[in-house]
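**Student:** One letter stands for each residue in the lines below.
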Amino acid sequence: MPNLNDIMIMLPEFYLVAAACLLLLLDAWMKPEQRNILHWVSILVVLVGIYLVVAGQPDVAVTAFGGMFVRDAAAEILKVFALLCTALIFVFSRPYMQDRKLFQGEFYTLMIFATIGAMLLVSAGNLVMVYLGLELLTLCSYGLVALNRDSRLSSEAAIKYFVLGALSSGMLLYGMSMVYGATGTLALVQLHGAVVQAGMSNLMVFGLIFMIVGISFKLGVAPFHMWIPDVYQGAPTSVTTFVASTSKIAAFGMAYRLLESGMGGLAGQWQLMLAVLAVVSLAIGNLVAIVQTNLKRLLAYSTISHMGFLLLGLVNAGPEGYAAAMFYAICYALMSTAAFGVILALARAGFECEEIDDFKGLNQRSPWMAFLMMLAMFSLAGVPPLFGFFAKLLVLQAAIDAGMLWLAIVGAVFAIIGLYYYLRVVKVMYFDKPAEGLEVRPQADGFLRTVLSLNALVLLALGLYWGPLLGWCRAAFAG
Amino acid sequence: MFNHLLSLLIWLPIVGAIPVLLAGSGRPGLARWISLLVAVLTFVASLFLLPAYNAADGAMQLTESHVWIASLGVHYGLAVDGISVALILLTTFVTILVIMGAWEVIQDKPHQYMAAMLVLEGLMIGVFCATDALLFYVFFEAMLIPMFILIGIWGGPRRVYATLKFFIYTFLGSIFMLIGLIYLYLKAGTFDLHALAMLPLTMKEQTWLFFAFLIAFAVKVPMVPVHTWLPDAHVEAPTGGSVVLAAVMLKIGGYGFLRFSLPIVPDASEHFAWLIIVLSLIAVVYIGYVALVQDDMKKLVAYSSVAHMGFVTLGIFIAFMLVRDANNLDAAKLGMQGAMVQMISHGFVSGAMFSCIGVMYDRLHTRQIKDYGGLINVMPWFGFFYVLFAMANSGLPGTSGFVGEFMVVLASFSANPWIALFAAFTLIIGAAYTLWMVKRVLWGDITNPHVREMKEINGRETFVLGAFALAVLALGIWPQPLVHLMDASVSQLVQQLAVHKI
Chain R
1 MPNLNDIMIM LPEFYLVAAA CLLLLLDAWM KPEQRNILHW VSILVVLVGI
51 YLVVAGQPDV AVTAFGGMFV RDAAAEILKV FALLCTALIF VFSRPYMQDR
101 KLFQGEFYTL MIFATIGAML LVSAGNLVMV YLGLELLTLC SYGLVALNRD
151 SRLSSEAAIK YFVLGALSSG MLLYGMSMVY GATGTLALVQ LHGAVVQAGM
201 SNLMVFGLIF MIVGISFKLG VAPFHMWIPD VYQGAPTSVT TFVASTSKIA
251 AFGMAYRLLE SGMGGLAGQW QLMLAVLAVV SLAIGNLVAI VQTNLKRLLA
301 YSTISHMGFL LLGLVNAGPE GYAAAMFYAI CYALMSTAAF GVILALARAG
351 FECEEIDDFK GLNQRSPWMA FLMMLAMFSL AGVPPLFGFF AKLLVLQAAI
401 DAGMLWLAIV GAVFAIIGLY YYLRVVKVMY FDKPAEGLEV RPQADGFLRT
451 VLSLNALVLL ALGLYWGPLL GWCRAAFAG
Chain D
1 MFNHLLSLLI WLPIVGAIPV LLAGSGRPGL ARWISLLVAV LTFVASLFLL
51 PAYNAADGAM QLTESHVWIA SLGVHYGLAV DGISVALILL TTFVTILVIM
101 GAWEVIQDKP HQYMAAMLVL EGLMIGVFCA TDALLFYVFF EAMLIPMFIL
151 IGIWGGPRRV YATLKFFIYT FLGSIFMLIG LIYLYLKAGT FDLHALAMLP
201 LTMKEQTWLF FAFLIAFAVK VPMVPVHTWL PDAHVEAPTG GSVVLAAVML
251 KIGGYGFLRF SLPIVPDASE HFAWLIIVLS LIAVVYIGYV ALVQDDMKKL
301 VAYSSVAHMG FVTLGIFIAF MLVRDANNLD AAKLGMQGAM VQMISHGFVS
351 GAMFSCIGVM YDRLHTRQIK DYGGLINVMP WFGFFYVLFA MANSGLPGTS
401 GFVGEFMVVL ASFSANPWIA LFAAFTLIIG AAYTLWMVKR VLWGDITNPH
451 VREMKEINGR ETFVLGAFAL AVLALGIWPQ PLVHLMDASV SQLVQQLAVH
501 KI
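Protein chains in written order, with this note's numbering: chain R, 1 to 479; chain D, 1 to 502.
Because the hints were derived from the structure by calculation, they are not lab data.
Quick caveat, the model's predicted, so the values are computed rather than measured.
Any given hint could be a false lead.
Covered stretches of chain D (chain R as the covering partner; in silico rule of three or more C-beta atoms under 8 Å from a C-beta of chain R) [as the list claims (entries may be wrong)]: (1) 68-77; (2) 137-150; (3) 165-171; (4) 174-188.
C-beta: ideal position from N, C-alpha, C; glycine also.
Just chain D, same shape as in the assembly:
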């Protein structure tokens, strides 16, 4: 019964977007309800992944493969392992909350907004399922179109600049990956990822391919120094766009490293692991300081996303170093798992933070920290959630933010204590910028008279924030199910990494 589950997950939201569009601008209520229905159905369908996927095995499962373009040997190939399952669940979960979050906030053409969101969801799930490099690329690029529209139509005043920058940066990144993939195809005669991983490549080829992949995924993660599109895109995007961007789209960069860079060009990855680690540490430390001086809350969270995603790339490549240099499989697994947990956790935390900022923005139409102050007096419930997410963002034990970072720091300690030292700085800087923001927004006296008129969050907003809060706490207190889900896949991946190509 699970034969076509993955296809269903991809196409249900994409096809579901059509009735949403047809419901039309005349009946925005109907469009909203249909889109929520589609999102909930997709989420329910994604829950079936849990029984269908055998976590003990860890290999690619639920395989679907059809010939797509026979003359090029391109397959419509889908399969998932534990890592993909976790990311797909994150996607379907976040999409529901985004659609609810936009409920009456988006007044202008809600049907187009919801439809774009659903199409985006389907494409993101497609990215996490694709086992054919060309199919992956198609999903990877097609995502840009709905995101472009989301930011461009419903975004802030400088949306056009932000959206063009976003599109061109990411397109720039991926087109070099395309050249790399074509090169691989001409050597291997297939786009199948597994076959590409088996393909012997010389060091010179690997180096070129490594950088082709690096550009593509570094832009997406984003890593320093190609991160500059992210704050712009976040600041201008509507709340839902920011949430999806931070919660899911950034993960695709980290996921790409796992699926492309490490298996296909392992030796070049080993050779240049130091580069990624250095860039990750710069992201963690330097971007943390940049976040400290932001006046705009969205910008602050955007920069903190760059810093947190630095942990993901650090975890992945530290694991790689540990396998290759120290042959320390346990520590490597810890690092890789830490990176994965961090991806999921950051999905929840950043999604929640952007939702909170959205809630404030809907009421006061400003994101400047200085315009707020003393918010806790008028919105105590909101304050409760805000503090919780801020704690998670700064990595407080008991919240999901702590688990992943701790695992990565622990793993990097086995590789090199200095790296661990630098990485651990994030706990201080992260706490500094997040708590300082909370202090200025929530506490103190009400200086702005408009703040006094702000209304407490309503039921819908409470539901959205509450769902995020549950996820953040659940993952923080009991990460075991998530770790277990990905455990076998991560072990397999780590063992694969030990194999040299030259």
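Bound conformation, chain R alone:
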């Protein structure tokens, strides 16, 4: 029977579920013109969620509901950043959603439910919990992608996302069932022991492969990346930001839970698989991004390559490597919110501001927005002293530490190729003349601009002072 203690451990999640339900009611009662209240309340709800996660943090890892739910340092950090990204998206989205007549309660409730899914996923202590969290996250995401019902692109993206997502969930479930068949347990802790004991069997390896497919799909690792460009481009930009930030943090959490907590005993098997996936991702992501003319699509391919980098951390299969990969996931999420935040701030009714050409001469029109976007681009490209550089440094280090110097060199080569398309964005903003008749100006209010500025400047600040964050990431995996 669940007791009060279990509920206290899961308090942030319970609170968010309750709050999301209340928001749904609030939305039903509210007149459309009062919806601004909903916006602020949602932001508040998420911020309180962050507070509850931080405040209730236990000193040691604790489990609830018979080991279904784990609350440890790694989960805490991932949850804080997942919620933070969601809050940022709320702040950045208002003018965008208003302009597109999408400013509805569904957006907020679905986002919060999806974030709860992400939180459950990173805290999962059981294969069933992994699956539940994943489904809650992805089902809400399907709805969010399709939020703009009148857009053909959106609907197409949602269908693609749904079909491929269902397929990958099926694969994941299939893999889990094989592992269950081989070991007789679903709890990750017992699974870990059973895997070590049982060693490698064909059934186990097949189970592992199917689970890796599921993880790769969620991360957007090539060759399971097909949905990424379409979803990124087709979804409303706010939702794209969510898929690129909160959902990536969750995907890292899922990878960690399944691979390390569950299948850690087979690390020797999955390391090489991940290394191959990393190379494919780096290659496809970086090479295809070069020819993109749509910025959202370009960022989609850049995601694929970034997930390749994240895998460089995971292949290490040690505490250092997980810390590096987690650092990378957090870094990537913050860079995405900044980059998409600028797109959101510049878009307005009837103008998505998503073609690279739309950014021509931005420095002439709005030097500050251009500067923020430049920070995001240089950070994504991994140029010091920005945050993205140190994230790359750590994953390269993890790969070399794992004895895969060749993999680090492949990563370095693709980092250079990747540099080209990020520079192209900076190039059009700073060196090109603004397009005739196209007034690109931020529509956003002061609060949004301030938060966006903070988000982008944090990329510089964390580049100069990233010690504490790395310290937390390391501490999370040290024990």
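Dock chain D against chain R, hints included.
**Tutor:** Okay, now just chain D, sitting in the frame of chain R:
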């Protein structure tokens, strides 16, 4: 009182860039004056290095060390020796002249231009001070961002191509160095340069690391065959960008060889010294000939920079050969010192040459040699400076250009007369391409009617060129203070080089 002098030198211009930016496009005059003030203050602060630094000691001094990233053992570690002090002074000196040179020439967003220049200055000083490899790398790479913007916004018609090429080449070079540094870190558990120099490494490891470093620094110097970004970048860069690029940024490559390649992988450096020497000689001779056929003055000076920087790499690695093979410490010291003097001298001479070309370009908006001719008739003062710098560029005794090259040639003679013979070719080729350019630009009849309307240099330009001229002459006539400043450090370095790791 000198505890934080190095930090001050790095951060004063970087922080000083903020008020320049805030002064905004509305008040370009204010932005110009603030940036000049910041540059002058930085220069004055850098002069304090001279009393603070004990030249007789030669070891790393004025040390600052704070833990930066505790969990990685990364330090914010700064210190200077004589070589760094000389290069920092060069940087702060050149920056003032660049800012003055851009005064009314840069009309489009002068505040952004000046701010980028100041940030660049701070980062370059940081490179010369860093004693932690990761900190060095961060400064080394971060420099690319302001330079990218400088060339891309204020550059010539093909600036976008040039700036992308510049960025990608240098990024390509350094990322392999990063892999090498991570490898070293995993072995040593620290990024401290001194500790890395002590780290025992097998020949195989050294070879890989040597090439990782070589790619990074060869692109920066630049050495043949990775020099092709330089003429493009120079031609498209605004005058100030060219000056900083030639005067300071290229030196960072040579400096990197001294701080990374030689101490950390000495045996591989010894093994492959012939490669660097051959590439240097190709730079000196072949690139000299390439310079001869250029029609564009900036391109000509850019190629001549590659040739002159060949002397720097030659001097460094000749010294290395002399220590290792012949155990001839005196000659080695001479070569190393020659390389250092050449670095500083080239900073002045190339900076001055690019400033001269900038002056002409502002008036006639062309850099083609054939568009000029007979300039001396309308701009005699300018002609005076131009001839002086051209003489220095071709290595005339009495100018700074002679001292360094002579020392390097002398040192290479002790190693191998053939090397000296090839190196000495530069005196002929260099004189040929520089003087021929002077002949076509300054002398003869005025064929282009627009040249007749060109105005003599104004007070500001006279100041900039005059300051360069003083430096060139002072270093040429009396190089002793500079040599003395670096002497102890160079001796120490040369002695260190004799230590084998395997």
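**Student:** Honestly, which of those hints from before does the structure not fit?
**Tutor:** Result: no hint breaks.
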